[in-house]
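Chains A and B supply the protein sequences, listed in that same order. Residues in the first sequence are numbered consecutively from 0, following numbering that gives the first Met the number 0. Residues in the second sequence are numbered consecutively from 0, following numbering that gives the first Met the number 0.
Incorrect hints may appear among the rest.
Below, simulated DSBU-like cross-link-like pairs (lysine-lysine); rule was C-alpha separation at most 35 Å, straight line [unchecked claim]:
hint: 1; chain 1: B; residue 1: Lys604; chain 2: A; residue 2: Lys208
hint: 2; chain 1: A; residue 1: Lys14; chain 2: B; residue 2: Lys556
hint: 3; chain 1: A; residue 1: Lys114; chain 2: B; residue 2: Lys533
hint: 4; chain 1: A; residue 1: Lys114; chain 2: B; residue 2: Lys672
hint: 5; chain 1: A; residue 1: Lys14; chain 2: A; residue 2: Lys314
Some chain B residues well away from chain A (every beta-carbon gap over 10 Å; in silico) [unchecked claim]:
hint: 6; residue: Arg205
hint: 7; residue: His430
hint: 8; residue: Ser524
hint: 9; residue: His700
Please keep in mind that the hints were generated in silico from the structure rather than gathered at the bench. Glycine is no exception: its CB is placed at the ideal position from the N, C-alpha and C atoms.
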Amino acid sequence: MKLNEIQDRTLATRKLLHTTVFAQCFSPCGRYIAAANNYGNIAIFSLSAVLSPEATDDSFKPIYTFVASEEGAIFCLASTDILLISAGAGNIHAWKWADILNKAPKQVWAWAVPKKNQFTIPEVNSIVVDQQEESSSRLFAGCGDNDVHVWDMEAGQQLVSLSGHEDYIHCVATKNKGRECVSASEDGTIRIWDSRTEGEAVHIIEPYKQEICARPEFGKWLGCVAMDPSEDWLVCGGGPQLSLWHLRSINPTTTFDTPGATQKHVMFYEDAMISAGSKPLVHHWYINGDLKSEVPCTPTSVFNVSINTNSDTHKVLCVAGNSAKIDVCTNFGYRASSLIFTQD
Amino acid sequence: MERNLASTNSVMATKDDKKRKRTIRSESSTDMGIAGIEIKKIKSGETIRKDSRTSLFYTEEEEVDTRDPKNDLELFRTACNEVENAARKIHDLKKKKMHATSEIESSRVQASLQFVILKKLNRLAHIRCKKVREKTNEAKQDIEHQHLQLQNMLYETMHLEKEITKCLEFKSKDEEIELVPESDFYRDAPEAISRPEKTKSDEHQRTLARLDWELEQRMQLFLKLKDAQGKRENIEKDIKTKEEYLNNLHPKLDSILSATKPVQDYLEMPFERIREQHQVAGHLPHPLYVLFMQASAYKQACDKYLNVTIEGDIDTAKSFDMSTPDLDEDSDSEQEEQEKASSKRRRKTTDIRKLERKDKVLRKHPLSVLLEVKTKDGNKLCLTFYYLVALHIITVSIKLETGQDAVTSSVSGEDLLSPDSILCDLYAGDHGNTTPNPANHYELNRLGLREFGQYIVQVGLPYLWAQWLGGLDFLADRNLQRPQSAVSAGHMQKTIKELRKRVSSRLSLLRQLSSLERNAVSVISQYQSLFPTKIVSQLTSWKRSTYNDFCSLSHTKTVMDADLVSENDMYFVMVASRGTARLTSQVVIAHDYPAVAPLFVVSVKWRTERTAVNDYHIRKMEEEVNVHYNELIIPQSRDQILSNQIQRLLMCFDIYLETEVENINNGVSEIAKEKVFPRCSRGPNRNKPFRYCSEVGIFTHR
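Excised from the complex, chain A in its bound form (with noise of 0.2 Å):
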């Protein structure tokens, strides 16, 4: 019928104006991203098509999309050589990337959160996979149970559960070869937590509770922590002031200054650090607290970057966040242009 056609289309229109974007992945190839929106899709865009120069409208567009929760939205991906792991509201799932670019997508497994209460059925916001241990890698959920949970990935099964933290977990990163794991949590803390053993926490920095990065004003939770590669520092913000934690010592160190923004994404890259969050922008910084530079974006609210470090030749950085657009810098300084994350 002509008018549901007309329906669908504005439909379609308002999902696109009203898509976000939490997560973006590279191939193990470095030659295709997979991005994942708030509807429960995975996209798979082309790199090779986008940096040509012959790109046209249509190498913006994904090559494909697929569902890959049924429940909503997708909060997190991870890579391994041969997996592509999706997670956030429902379970989590693993996806051969042959498969995927194939076309054919198919689902390898699929792990359920243990469930706490019957009302809701805990989303995992945050997923890392720790390759560093030959013998067996495992993957770390950050849960909406508040808890952090760690798999076998050979296995599939379920190792250790670390609870301690009163409200759910933004984000989730690892530490001593996956032997210590670092979860930064909606109720304003940090933890560090022995990966190997349930327990308590071996440490917990409140940075809301120190004077020079807390915000009261934005609330005390902190939606993402990233250690740098000599694992002496740590970074986290969200309320709170983005701050650089010396870890021996647990003190505060360096804060980056973010006015009226919240940051929702921080990484170390190289010497430099780059985080973003409620802002229309990308701060890239120095280690010492200075602004190295500030990028315009898309997205109003962004919540992830992504730098393809698995090719030389589609080095990229993506900038993903409440727009259907994810944005790709070539060079770090500026965008170049746009995927258009469209359901079709």
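For chain A, the structure is supplied; the task is to place chain B on it using the hints.
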């Protein structure tokens, strides 16, 4: 010269000097006393005639013929020499002063004698001259005569030549007659006429024979023509009599029909009425005719609540000139000239002329078709279809007669039922504000008229579906003159359905608007379960807005960029508040409501100004109503979507405020936590629990 001649004469004379001297001497001795003339004759030395003077005279003339002029010349010279010599001799003698008088005397005599000879020679010369002149004259006369003769001859030849060309140029009549080719002639003509043995060789005879054959054939054809004409006359006569017979039959049939009328009435079979309508329909312009027939057919087949009638004066229609009037400027000026001649309305301003031209272009056919679409709840939509003769389009004027229980009073939605808005976008994009016939644009332009949109008030709305019902499909078929019944039939059912749907949805929307103006969100019982019983936020204002106001807002840009709104949509502003917090939302309702759900663009003022641009949660609130509206619809009562969306927005506003308070500080606040939600925020975006679970009465995350 004369002296020379004289000297030559003297030389001539001296030649024969001695001989003459002798003769003269001898004669002088005898006839000394004879007159000088006779002496001359003696001198010539020939026959001397002493009979008479006249004969002597003539003798001298004859003598001329016998004498040689050259000899005479010689004689003349010698004579001259003699004289000269004598003169010299005398002179010499005188000089010497020798007294030889005798000698002088003799020389003098001798000299004098020479003069006699000279005289004679002179005479002869004269005579000779005269003779030569006479001879020349004679020759001249002869030449003249010959010349005259020659001219006569030339003239005669010329005349003859003229006559010859005249003869050659003579044209015979037969040359103009087209003859059958020679080969055909020998094939078709009988021997008697063609006579090949003679004509083959003689061209003249052949032509004569061919002419004969031509004559023969023409005679035959003439006879045939006469025959055919006679036949035609007969047939014409036949036709006339038959026509008369048929004409006589018509009144008889009429009387039979009128006689059967009471029977029809008695049997309640309105054949006659329908027949009359159909007869009138015959005078409808073709597109309206298609519309009328298809609508009647549809009515008979499947829709009792439809009524189709023809309106207008049939007599005007009969005399109506269907031909497109000549709209050229030229004709106007011609008219003007005529008017100037009549001098009455000489000063006709351009405005009046323009008006006249406009009237001509926008001329309606006097007949129109009235289509009454009734709905079950007593509302009636009256559509009058007109046909614009010059522009070849159908326009429709709309009137809605509402039933008794329909709510029609609303300030913000006063134009919802107005003729130019109620059927806007019945099919997507069909605003009815431009002419569907692309050719019209140029036509209007050419005549210096404004865009068609300016005249809609005057002529009615040219909706696309109106053209379709009349079988005109401008996009598919460029041939305007031939409306397709199939086009009309293909759209009839759907259009009637859409018309009914539109009327009921408009009335429903109007009811909701009038309720919103009273700040009450009326959620009908079917939907009560979608919302919690207590919603603290209150609607405080509902007003009409405009497209320009909408555009001027900074946070509407994303919506505009996504092309989700258009100028034709209806714009409203709602304001809700809870405590000091105020929620303002732009509400865009498409004419196609409820097929296209209203669009909300929200801004919240609570301590700071928050919109979707700077607050992710406002964006999520918008998403709840703009995207997830399907949860608010039960197919049977789709019309209620506006109220449901507003109710949900108010609910979300409650949650928004309550969770914001939770998040920031747990101190005393004007916003009390009223709702039950197990988690305040969830996910990387710290989403708020905007979803209401009616079974347990708590709020969860989407």
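Evaluation of the provided hints:
Straight-line distance between C-alpha atoms of Lys604 of chain B and Lys208 of chain A comes to about 30 Å, which keeps the hinted pair within the 35 Å bound. Among the hinted pairs, Lys14 of chain A with Lys556 of chain B is consistent with the structure: their alpha-carbon atoms are about 16 Å apart, no more than 35 Å. Between Lys114 of chain A and Lys533 of chain B the CA atoms are separated by roughly 31 Å; this keeps the pair inside 35 Å, and the hint holds. With a C-alpha separation of about 27 Å, the suggested pairing of Lys114 of chain A with Lys672 of chain B holds against the 35 Å cut-off.
Annotation: proposed proximity of Lys14 of chain A to Lys314 of chain A holds, straight-line Cα distance about 30 Å (limit 35 Å). The beta carbon of Arg205 of chain B is kept farther than 10 Å from every beta carbon of chain A, the shortest such distance being approximately 85 Å. Distance to chain A confirms His430 of chain B as a non-interface residue, since its nearest Cβ pair spans about 15 Å, more than 10 Å. Taking the minimum C-beta to C-beta distance to chain A, about 26 Å, the non-interface status of Ser524 of chain B holds against the 10 Å cut.
Under the 10 Å C-beta cut-off, the non-interface status given to His700 of chain B relative to chain A is violated; the minimum distance is some 7 Å.
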